[in-house]
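Using the sequences provided together with the hints, build the complete structure.
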Amino acid sequence: IVFLPKERIICTGDLVHGWGPYMPDSHPYDWIKKSLAAVERLAFDRIISGHGDVMQGKSQVTKWKNYIKDLMNQVEKQYAQGHSVDEIKRTIDLSKHFLIIDRLDQSDVSQHVEKAYREISWQP
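Residue numbers (the numbering used here): 248 to 371.
Hints in this document: simulated from the structure, not taken from any laboratory. For clarity, every value in this text was computed on a predicted model and none was experimentally measured. Worth double-checking, as some hints may not be accurate.
[What the hints assert, rightly or not] Distance windows between CB atoms, simulated:
no.: 1; residue 1: E334; residue 2: R293; range: 35 to 45 angstroms
no.: 2; residue 1: L251; residue 2: Q370; range: 31 to 41 angstroms
no.: 3; residue 1: G304; residue 2: E334; range: 29 to 39 angstroms
[To be verified] Quick list of in silico lysine to aspartate or glutamate cross-link-like pairs, EDC-like style, CA-CA up to 20 angstroms:
no.: 4; residue 1: K312; residue 2: D349
no.: 5; residue 1: K316; residue 2: D292
no.: 6; residue 1: K310; residue 2: D300
no.: 7; residue 1: K280; residue 2: E366
no.: 8; residue 1: K312; residue 2: D277
no.: 9; residue 1: K362; residue 2: D272
no.: 10; residue 1: K281; residue 2: D300
no.: 11; residue 1: K312; residue 2: D352
no.: 12; residue 1: K336; residue 2: E361
no.: 13; residue 1: K336; residue 2: E366
no.: 14; residue 1: K305; residue 2: D277
no.: 15; residue 1: K316; residue 2: D340
no.: 16; residue 1: K324; residue 2: D277
no.: 17; residue 1: K316; residue 2: D261
no.: 18; residue 1: K324; residue 2: E366
no.: 19; residue 1: K305; residue 2: E254
no.: 20; residue 1: K362; residue 2: D261
no.: 21; residue 1: K362; residue 2: E334
no.: 22; residue 1: K362; residue 2: D277
no.: 23; residue 1: K336; residue 2: D272
no.: 24; residue 1: K362; residue 2: D340
no.: 25; residue 1: K362; residue 2: E323
no.: 26; residue 1: K343; residue 2: D317
no.: 27; residue 1: K324; residue 2: E334
no.: 28; residue 1: K310; residue 2: D292
no.: 29; residue 1: K312; residue 2: E366
no.: 30; residue 1: K310; residue 2: D352
No residue lacks a Cβ here, since even glycine has one placed at the ideal position from N, Cα and C.
As structure tokens, this is what we get:
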């Protein structure tokens, strides 16, 4: 993260960008609780990311945080009930985020569920 307080600009690379998150090499819990939470505390008006247009305000950070939290909560719940990763992929409903986050669709969710499942079950 590069924060330019005088200019009220943050440069985020791939931490936050203009469409759905790339999660295969992520740590979702840390992403929510540490990285995105820290970014939200900064006083900025614009985000320059690794991809896409310059974004205005903190809304993209909030969108991603809400999506990843929802993903993790739903996968945690179904994992605790003994569901397999394939069952979770078929039944999880994150569609409300499709209208909020550009280019996010069910194929992304399938990959995200795999990552969330590995994180929750402590699989590499």
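Each hint, compared with the structure:
One distance hint, 35 to 45 angstroms for the beta-carbon pair E334 and R293, holds here, with the actual separation near 41 angstroms. The hinted window of 31 to 41 angstroms between L251 and Q370 holds, with their beta carbons roughly 39 angstroms apart. A hinted range of 29 to 39 angstroms holds for the C-beta pair G304 and E334, which are about 38 angstroms apart. Taken as a hint, the K312 and D349 pair is honoured in the structure, with Cα atoms around 14 angstroms apart against an allowance of 20 angstroms.
Our distance criterion of 20 angstroms between C-alpha atoms is broken by K316 and D292, whose separation comes to about 23 angstroms. A distance of roughly 16 angstroms separates the Cα atoms of K310 and D300; the hinted pair therefore holds under the 20 angstroms criterion. Our distance criterion of 20 angstroms between C-alpha atoms is met by K280 and E366, whose separation comes to about 14 angstroms. About 11 angstroms separates the Cα atoms of K312 and D277, which keeps this hinted pair within 20 angstroms; it holds.
This hinted pair checks out: K362 and D272 have alpha carbons roughly 8 angstroms apart, not beyond 20 angstroms. Between the alpha carbons of K281 and D300 the distance comes to roughly 25 angstroms, so the proposed pair goes past 20 angstroms and is violated. With a CA separation close to 17 angstroms, the supplied pair K312 and D352 stays within the 20 angstroms bound. Distance check on the hinted pair: K336 and E361 sit about 8 angstroms apart at the alpha-carbon level, within 20 angstroms; holds.
Taken as a hint, the K336 and E366 pair is honoured in the structure, with Cα atoms around 15 angstroms apart against an allowance of 20 angstroms. Taking the CA atoms of K305 and D277, the gap is near 19 angstroms; set against the 20 angstroms cutoff, the hint holds. This hinted pair checks out: K316 and D340 have alpha carbons roughly 13 angstroms apart, not beyond 20 angstroms. A hinted pair counts as satisfied when its Cα atoms are at most 20 angstroms apart, and K324 with D277 qualifies at roughly 19 angstroms.
Under the criterion of a C-alpha separation no larger than 20 angstroms, the hint pairing K316 with D261 is consistent with the structure, at around 18 angstroms. Simply put, K324 and E366 have alpha-carbon atoms about 13 angstroms apart, close enough for the 20 angstroms limit, and the pair holds. Straight-line distance between C-alpha atoms of K305 and E254 comes to about 15 angstroms, which keeps the hinted pair within the 20 angstroms bound. A distance of roughly 17 angstroms separates the Cα atoms of K362 and D261; the hinted pair therefore holds under the 20 angstroms criterion.
Of the supplied pair hints, the one linking K362 and E334 holds, its CA atoms being roughly 14 angstroms apart against a limit of 20 angstroms. The straight-line distance between the Cα atoms of K362 and D277 is roughly 13 angstroms, inside the 20 angstroms bound, and the hint therefore holds. For the hint pairing K336 with D272, the CA-to-CA distance comes to about 19 angstroms; that is within 20 angstroms, so the pair holds. In summary, the hint linking K362 to D340 is supported, as the alpha carbons are separated by about 16 angstroms, within the 20 angstroms threshold.
Between K362 and E323, the direct Cα distance comes to roughly 12 angstroms. Compliance with the 20 angstroms bound is thereby established for this hinted pair. As the CA atoms of K343 and D317 are separated by approximately 10 angstroms, the hinted pair is consistent with the 20 angstroms bound. A hinted pair counts as satisfied when its Cα atoms are at most 20 angstroms apart, and K324 with E334 qualifies at roughly 12 angstroms. At most 20 angstroms may separate the alpha-carbon atoms for a hinted pair to count; K310 and D292 meet this at roughly 16 angstroms.
For the hint linking K312 to E366, the alpha-carbon distance of about 17 angstroms falls within 20 angstroms, and the restraint holds. For the hint pairing K310 with D352, the CA-to-CA distance comes to about 14 angstroms; that is within 20 angstroms, so the pair holds.
Of the hints listed earlier, those the structure fails to meet are numbers 5, 10, in rising order.
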